[in-house]
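2 protein chains.
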Amino acid sequence: MTERPSTGVRSYATPQLEAFIARALGAVGLPPSDAAEVARLMVRADLRGADGHGIFRLPQYVRRIRAGAVNVRPRIGVASETEAMALVDGDNGMGHLVMGFATRLAMDKAARQAVSWVGVRRSNHAGPAALYAMMPLERDMIGLYLAVGNANHLPPWGGIEMLLSTNPIAVAIPAAEEPPIVLDMATTVAAYGKVKTAAQRGEMIPEGWMLDTRGQPLTDPRRADEGFLLPIGGYKGYGLSLVFGLLAGTLNGAANGRDVVDFNKDDVTPTNTGHAIVALDVRRFAPADAFKRRVDTLIRDIRCSKRLPGVERIRLPGEQSHVTFVERSKDGVPLNPALQAQLHRLAEDLGIAPLSRL
Amino acid sequence: MTERPSTGVRSYATPQLEAFIARALGAVGLPPSDAAEVARLMVRADLRGADGHGIFRLPQYVRRIRAGAVNVRPRIGVASETEAMALVDGDNGMGHLVMGFATRLAMDKAARQAVSWVGVRRSNHAGPAALYAMMPLERDMIGLYLAVGNANHLPPWGGIEMLLSTNPIAVAIPAAEEPPIVLDMATTVAAYGKVKTAAQRGEMIPEGWMLDTRGQPLTDPRRADEGFLLPIGGYKGYGLSLVFGLLAGTLNGAANGRDVVDFNKDDVTPTNTGHAIVALDVRRFAPADAFKRRVDTLIRDIRCSKRLPGVERIRLPGEQSHVTFVERSKDGVPLNPALQAQLHRLAEDLGIAPLSRL
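Line order of the protein sequences matches chains A and B. For the first sequence, our numbering gives the first residue as 559, with consecutive numbering after it. For the second sequence, our numbering gives the first residue as 559, with consecutive numbering after it.
To be clear, the hints were calculated from the coordinates, so they are not data collected in a lab. Note that the coordinates shown come from a computational prediction; the quantities given were computed from them, not determined experimentally. Note that the Cβ used here is the ideal one computed from N, Cα and C, for glycine as well. Honestly, I wouldn't trust all of these hints.
In silico PhoX-like cross-links for lysine-lysine, where the CA-CA straight-line distance does not exceed 25 Å [unchecked claim]:
(1) B:Lys823 <-> B:Lys754
(2) A:Lys864 <-> B:Lys864
(3) B:Lys823 <-> B:Lys752
(4) A:Lys864 <-> A:Lys752
(5) A:Lys823 <-> B:Lys864
(6) A:Lys864 <-> A:Lys850
Per label pair, the in silico range of CB-to-CB distance [what the hints assert, rightly or not]:
(7) A:Asp825 <-> B:Arg759: 24 to 34 Å
(8) A:Asp778 <-> B:Ala669: 49 to 59 Å
(9) A:Thr777 <-> B:Lys754: 32 to 42 Å
(10) A:Thr771 <-> B:Arg858: 16 to 26 Å
(11) B:Gly868 <-> A:Asp778: 46 to 56 Å
(12) B:Asp854 <-> A:Thr771: 19 to 29 Å
(13) B:Asp820 <-> A:Gly635: 48 to 58 Å
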């Protein structure tokens, strides 16, 4: 643990964070091995800089588990399958466990059939999309992940009723010497978490993020409840959110459209979250090394290409997260004082040792 | 054939158009059955309103075939496969033939394994993305199509070197009583064809479509060569274009990045176009009727939801194309006088009967 005195921000090492999360989840009923797996994935999110998807979510997860909205002893199973496909029923378990199961299954199937598609229903929030898209990288596979978000903030294009979510896509592609390409994006201009963060900080948000119901730009995030997020590329982002929702939600019998439960406002209703994970085994297309070298070439062509005036560096998707991962793996994950205090109260509440002690 | 006298626009019936295209392609060496298949798919593009991807392309196709850039007697084959995956080598044949082969293969594999992924290399321009994503609909399957565009108009975010194309995605999802949902979109704000159309008409283009190399908005489409297209959602659209290019191009050993041949400027170099088609059999996830009814429900929830002031109708992706398809199937495909004249010259040049005669 290191402290930056002026701000109250403290950094915590991976083992500390994992152990604390596992203690908290164990205290509300998760078996130790499940609690440890969720903890490992949540901290991986923090290490990569997805601060809204890691330990930040722990108080909410604990609240929902205690309210009975999440099953701490799920029987995660396969409802339908072929050699290349499966439909996984998460039995309302923690999303990380369900998606861990689904992604391992997808990799095993892709190892035999070169491609696999695993759909998931009755899951829960599982952290950042990149977590699962990246798992197949270890086996020289490409990962593609889609999900239905856990709150509707997006109306159809031209509408004001929020029938769609920020439904993200993540794609991870292995490289040789370069870090992998990891795209992880919501289909809205800004994720809703960024709006909430701005509100907490007392900052305004840029035009183009949100509209109010009269169609006027909404730039005061404290008024976020009076408006909605805008999709990327206008009707195109609406179309992407819609088809990702159909593929990750409706196809699997998971929530989509009016069925989506806003898990920020509702602690008691199971979300029936849907996901889809696709694994592609590079080796059936080309020797893995040859493919990864070609990816390196493209990465370097892009990075070294001519820049617009004032642009210092051209980045690849996932590059900044990779840098953050390397830094935080060494220096720890910085947590702001408000979050530290929240986690301290959580520890007291659960009667477990606080984060500061290993 | 019907004429609107004031504009010189004439409408042509499907059999006329198909027969003319087949005559032209036959005259430059395609076997009759291949010429007929390409013609059928090109006219289907026109019927759905994809005017830049149908008969409009015929003179260019003929020019490239005559220059030896396209193989009129390809041996389209499978370079690698499993029960769920294939890598198709198009042997530099017409893209429509190659993608027809690949999509039929994908559907057959998905019928057994529920999902299939077919990558394609050494193909050519194949018309609009929706054509191939829609084919699986007939078998209650979902289609997902990706391609590398045939000219680089997009720099990486922050850059000015056009290393990427408008790489499109199309997804088609069957419904019960409603028309299917068919998303077909470039990853740029505007397709390059729209810029060219504006230039022909002497119109300006909106801010947000293009920048010049100093980073200033470019709104005069006659200056298009001095600038580049902008991606949807800034760095997000750049990321989508990049990963679609890797999946449809690099993975298959097809052109991507610096290898891409600008087929608008170069009539002689094979393009080594890459595509990917994914078919998903709905029935392994849910009874097809139940799924399609759920899609209908979502479509109607969206269409009937509250609208922004001034918005008359909320549309679903593919709805306008479906309306156009129904209209043009009845009334024919309207062609402007410039295109009519171009096709007339083509007929003379090839020594075939012109379009106006059946």
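Verification of the supplied hints:
| no. | hint | in the structure |
| --- | --- | --- |
| 1 | B:Lys823 <-> B:Lys754 | holds, 14 Å |
| 2 | A:Lys864 <-> B:Lys864 | violated, 46 Å |
| 3 | B:Lys823 <-> B:Lys752 | holds, 17 Å |
| 4 | A:Lys864 <-> A:Lys752 | violated, 31 Å |
| 5 | A:Lys823 <-> B:Lys864 | holds, 22 Å |
| 6 | A:Lys864 <-> A:Lys850 | holds, 24 Å |
| 7 | A:Asp825 <-> B:Arg759: 24 to 34 Å | violated, 57 Å |
| 8 | A:Asp778 <-> B:Ala669: 49 to 59 Å | holds, 54 Å |
| 9 | A:Thr777 <-> B:Lys754: 32 to 42 Å | holds, 36 Å |
| 10 | A:Thr771 <-> B:Arg858: 16 to 26 Å | holds, 21 Å |
| 11 | B:Gly868 <-> A:Asp778: 46 to 56 Å | violated, 24 Å |
| 12 | B:Asp854 <-> A:Thr771: 19 to 29 Å | holds, 27 Å |
| 13 | B:Asp820 <-> A:Gly635: 48 to 58 Å | holds, 51 Å |
Checked against the numbered hints above, the structure breaks hints 2, 4, 7, 11 and satisfies the rest.
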